[in-house]
Amino acid sequence: MKQNYTIRHGALEGVEVFLAVARRRSFRRAAADLGVTPSAVSQSVRALEARIGAALFVRTTRSVGLTEAGQRFLDRAGPAFDEIVAAGEAARDLGQRPTGLLRLSVPRAVVPLILEPMIASFCQAYPEIELEIAASDEMVDLATGGFDAGIRLGQFIAADMIAVRLTPPFPFVVIGSPDYFERHGRPEHVEDLRHHACLRLRRSNGAIAPWSFIDGNGTIEALVSGPLIAHDYPTLVGAAMRGVGLAQIPRPVAEGSIAAGKLKPVLDGVSATTPGVFLYHPGKRQVLPKLRAFIDHAKSAP
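Mapping to our numbering: the sequence shown position 168 is 168, numbers consecutive.
To be clear, the hints were calculated from the coordinates, so they are not data collected in a lab.
All values reported here derive from a predicted model rather than from experimental measurement.
Check before you lean on any hint, since a few could be wrong.
What the hints assert, rightly or not - Listed next, the in silico DMTMM-like pairs over lysine to aspartate or glutamate satisfying Cα-Cα at most 25 angstroms (straight line): (1) K299 with D137; (2) K264 with D192; (3) K262 with D296; (4) K299 with D179; (5) K262 with D179; (6) K299 with E255.
Based on the sequences and whatever the hints tell you, model everything.
This is the structure we're talking about:
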């Protein structure tokens, strides 16, 4: 059942003054600690007592003591107020130096290509930052997911995000294993793909990604089919290496396998190009030092 809550304006007003008096057992010493006049302290306490509806102090010419209500208020309000002060200091600390938990949402394929080479140096450079990497090919909402930033191909980043380039543009290449080409031959033209087993990617929105190619000054999308649909590029690369079919993959994802001779690219002359990989974040307010440190480190990484 939904409950109704009322915001009590000024609920904390006078609490710090009360605590100072209660702990020092003196209006004058509390005023000196707070840098105000004893009169201001007395007015603040009287206003708090009026709002609570009970006397909090027993005052004599020589001493200040707590009433039962005052003792109860001190027992509950003291630790709570200390926690509020500590929370403010912790939050201020996050805004002043690189510290805290830094959560990143990244595609699986990006982890070995971009993050693994720099994780060790980043953690060594910023020991007060806890780096959490959530590897998933799902497009997530950074705010609702509790992420500080995400990493994605440039064409999939919303226009209202602040994007920071991590890689130069690179092509999508069609790759296959030497064994596959021995059995089925190499496609020489985009139209030849109709006669080949093509491995496809299903995006997080449910749509199957088309295969795109350069056609003069524009692009064309080829309708392909094949025995496998995967939700991430590493799975497609693995299947292509085993001769299941051809796959269209961002070049850096397949670069190691191409260099090792396990995969061979085809149709290079008409490969479409992606803007590259970017780190993105809402950026509506000041970037916290922990994220700024990661951005600067990523940009300076070899």
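Quiz item: Given the proposed pairing of K299 with D137, does the C-alpha separation stay at or below 25 angstroms?
Solution: 23 angstroms, holds
Quiz item: Keeping to a limit of 25 angstroms between CA atoms, is the pair of K299 and E255 held or broken?
Solution: 21 angstroms, holds
Quiz prompt | Agreement of K262 and D296 with the hint, judged by alpha carbon distance not exceeding 25 angstroms | solution = 35 angstroms, violated
Quiz item: Taking 25 angstroms as the top limit, are the C-alpha atoms of K262 and D179 close enough?
Solution: Roughly 9 angstroms between the alpha carbons, so the hint for K262 and D179 holds.
Exercise. Measure nothing beyond the straight line between the CA atoms of K299 and D179; if it is 25 angstroms or shorter, mark the hint as holding.
Key: Outside the cut-off at roughly 39 angstroms; violated.
Quiz item: Does D192 lie within 25 angstroms of K264 when you go C-alpha to C-alpha?
Solution: This hinted pair holds, its Cα atoms lying about 17 angstroms apart.
Going down the numbered hints, you'll see the structure goes against 3, 4, while the others check out.
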